[in-house]
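The listed protein sequences correspond, in order, to chains A and B. Just so you know, the first sequence maps onto residues 1 to 337 in the numbering used here. Just so you know, the second sequence maps onto residues 338 to 711 in the numbering used here.
Errors might be hidden in some of the hints.
[What the hints assert, rightly or not] To spell it out: a stretch of chain B is covered by chain A in this simulated footprint if at least three of its residues, at any positions, have a beta carbon under 8 Å from a beta carbon of chain A; those stretches are:
1. 447 to 453
2. 624 to 631
[What the hints assert, rightly or not] The calculated lysine to any residue pairs, modelled on SDA-like cross-linking and capped at a C-alpha distance of 20 Å, are:
3. Lys116/A <-> Asp429/B
4. Lys119/A <-> His349/B
5. Lys405/B <-> Val502/B
6. Lys436/B <-> Lys119/A
Think of the hints as simulated: they come from the structure by calculation, not from any bench. The beta-carbon is built from N, C-alpha and C at its ideal position, and this holds for glycine as well.
Here's the letter readout for the chains.
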Amino acid sequence: MSLFPSVGRKQPRLRLAWTAVVFILWLGVFMHLVPFYIMISTSIKPAVEAMSMPPTLWPKEPTLVGWSLIWNISDIAKSLLAQPLSRYFLNSLVMTFGVILLSIPVTSLAAYASSKLIKGKVARPLFIFFIGTLMLPGIVTLIPSFLLTRNFPFPLPVPPNIPGTDIAFPTWRIWNTYWAVILPAGFSAGNFLLFKGFFDGIPDSIINAARVDGGSEFNIFRRIILPMSIPVYAVTTYFTFGGVWDSYLWPLVVIQDSKIAPLTLAIRRIADAFSYAGTTNTMTAIGASSSISPLIEQGLSWNGLMVLGLLQAIPVFIFFILAREYLLKGVRIQGLK
Amino acid sequence: MTSVTLENIVKHYVPPIGAAETHPVSGLDRVNIRIEDGETISVVGPSGCGKSTFLKVVAGLESTDEGKIFYNKVDVTNITPQARGVGMVFQDYALYPSKEGEDNLGYYFEVRKKTEEEKQQRLRETAELMGIGFDLLMGRQVDTLSGGEKQRVGIARCIVREPNVFLMDEPISNLDAKLRERTRTEIKRLLKKFSITTIYVTHDQQEAIFMGDRIAVMRSGRIEQFGTFDDLYYSPANLFVATLIGTPPMSVIPVTLQNGILQIADASLTVPAEVAEKLPEGALRFGVRPEAWSVVNEPSSALTMSVARVERLYTERAAFASGQIGGASVNVLVPLDFPAEAKEIFLQPDWTQASFFAADSETALHTPGAPELF
Chain A
1 MSLFPSVGRK QPRLRLAWTA VVFILWLGVF MHLVPFYIMI STSIKPAVEA MSMPPTLWPK
61 EPTLVGWSLI WNISDIAKSL LAQPLSRYFL NSLVMTFGVI LLSIPVTSLA AYASSKLIKG
121 KVARPLFIFF IGTLMLPGIV TLIPSFLLTR NFPFPLPVPP NIPGTDIAFP TWRIWNTYWA
181 VILPAGFSAG NFLLFKGFFD GIPDSIINAA RVDGGSEFNI FRRIILPMSI PVYAVTTYFT
241 FGGVWDSYLW PLVVIQDSKI APLTLAIRRI ADAFSYAGTT NTMTAIGASS SISPLIEQGL
301 SWNGLMVLGL LQAIPVFIFF ILAREYLLKG VRIQGLK
Chain B
338 MTSVTLENIV KHYVPPIGAA ETHPVSGLDR VNIRIEDGET ISVVGPSGCG KSTFLKVVAG
398 LESTDEGKIF YNKVDVTNIT PQARGVGMVF QDYALYPSKE GEDNLGYYFE VRKKTEEEKQ
458 QRLRETAELM GIGFDLLMGR QVDTLSGGEK QRVGIARCIV REPNVFLMDE PISNLDAKLR
518 ERTRTEIKRL LKKFSITTIY VTHDQQEAIF MGDRIAVMRS GRIEQFGTFD DLYYSPANLF
578 VATLIGTPPM SVIPVTLQNG ILQIADASLT VPAEVAEKLP EGALRFGVRP EAWSVVNEPS
638 SALTMSVARV ERLYTERAAF ASGQIGGASV NVLVPLDFPA EAKEIFLQPD WTQASFFAAD
698 SETALHTPGA PELF
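With the sequences and hints as input, model every part of the structure.
Here's what the structure looks like:
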């Protein structure tokens, strides 16, 4: 692969352009790597140096105090959180895999139908309806969505009455349950587009051949289409995993009970304590909250914060490694078409 | 053992909302055809004429707006493609890419819940029919096969089930010339062996002639003519069929007929009385096939053609000279040793092989009819 055709690249004008493009690309790479560098270098600084102004590029006295969190985080969590850390971890897993199990089949079947089964007049309006949710930023729908979880399926603070009676419609309160996170994520417009783009690339004749062979529509999907579509499933599953695992705002709005709160909420609480410990001087911190003092005593401030951030990122990173081959392949198939 | 009958089939494509075209596009427009049991028919026509739609309607892959389809005497109009028991071969092979060759053939048995023994039995029989080297394709991943090999697997997948009707949608168009020739013969051999009712769709008239016992010529959703090659060639139903069938095509020259004298450009020819009496007076179109011209030495009572180019067909020991008469392009079959430097030749039509068409429509007024060769 090359940026420019190889012929004529030695011309000074092209050489200059080539250099400029490569420089801009490297700048982009550099800008992406800087935050990671700061996270990692800060994580091995001692507590005081992590907060020093101006910040040091490389720790003067590298220490693994921050990383000691890995084995004593549960002690810290005990003093700061209502539940053991493993509980939050489990909640996150339940929500993430709940969303994956619901949203990937729903979205992919919808995309398959939109791509291959629905023809004629309704096809286009339906497609626009499906991707319409992309047009609204999530923050705009935050409050209606919240209301929806209170009186599902009505986005109203109080459910309406059944016409002609004084009896309210029966509603299902999914607020403050796992469903509040899982159900609204049951369809993903972004994944829908990825799936549809992929399915559009599959020739109709393959499906017609399978029909003539006698396969039912669902059997064709399962036995013929699905094995061809592993890359796009890997990509969408990865995106869904990352999105739900890292989600913070929505669980914060709909989850009150600490028993079902995800890891992001718990880590946020610990992180708050760390940054508090980092920004105030030791004496006020001790005076302000007894729960923070163990952190200070252990030499934890923003260095611990960085370690927590890295720990939170690890599952997504592992998932990326697992799906890596398909991610690249999937992106490549999209690129070719 | 199936005959296929289409009665008054109408199929409109509704353009999607937002498309440039807003009126329903006609896919099939009152198609009536009866394909006899064991017969192979070719469907030929320019692209977009509805020939693929025709095939899909027979297979049940497209719904119809009006009309009925019968397999033998059974109305299958509302029967799903899964239940029709047809076999179909596609232009792009349409093999299942995630499966090996054998599993491509096996999918039919899998979804029909057939026993493993039956499957193996049929696979063996099919491999035998398909000939040498076919076994080797069975174990290979589909994407490692060449185009010709893919289509062999495609054809095998079609015959492994013993279909009621064979449907072939331009099966060899994607192959290169040499392979096309070979696969064509191969398909013909298989069709002969089975004598299964077959519909063979192609845009290539040579292929259509080679494959079909009868040929259906289609244009914009209608069947213009359905008959044997001789019918189409010697008794074309209209100008469209006349100019489509035959390579190079029939020359069509605007003429005027008055008192048995045909005025062509600045020449006049006397039309034999038995032909002239069938024709109206006035402006006409005169159609002559390349082989129905004879080259004469005298310009008197002959047409003068300025020769633009000569194409020599060495295998046929003949050549085609092309040029113009009265602004219409004309092709003439000439001997292989026809001089390249010839600028003008004098031509006389063979009146027993000449056709006449109306000047303002495609109506055929007079066609020669098939000659009695034996």
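Going down the list of hints, with the structure as the test:
no. : hint                  : in the structure
1   : 447 to 453            : holds (count 3)
2   : 624 to 631            : violated (count 0)
3   : Lys116/A <-> Asp429/B : holds (17 Å)
4   : Lys119/A <-> His349/B : holds (13 Å)
5   : Lys405/B <-> Val502/B : holds (17 Å)
6   : Lys436/B <-> Lys119/A : violated (28 Å)
Of the numbered hints given earlier, the model fails hints 2 and 6; all others are met.
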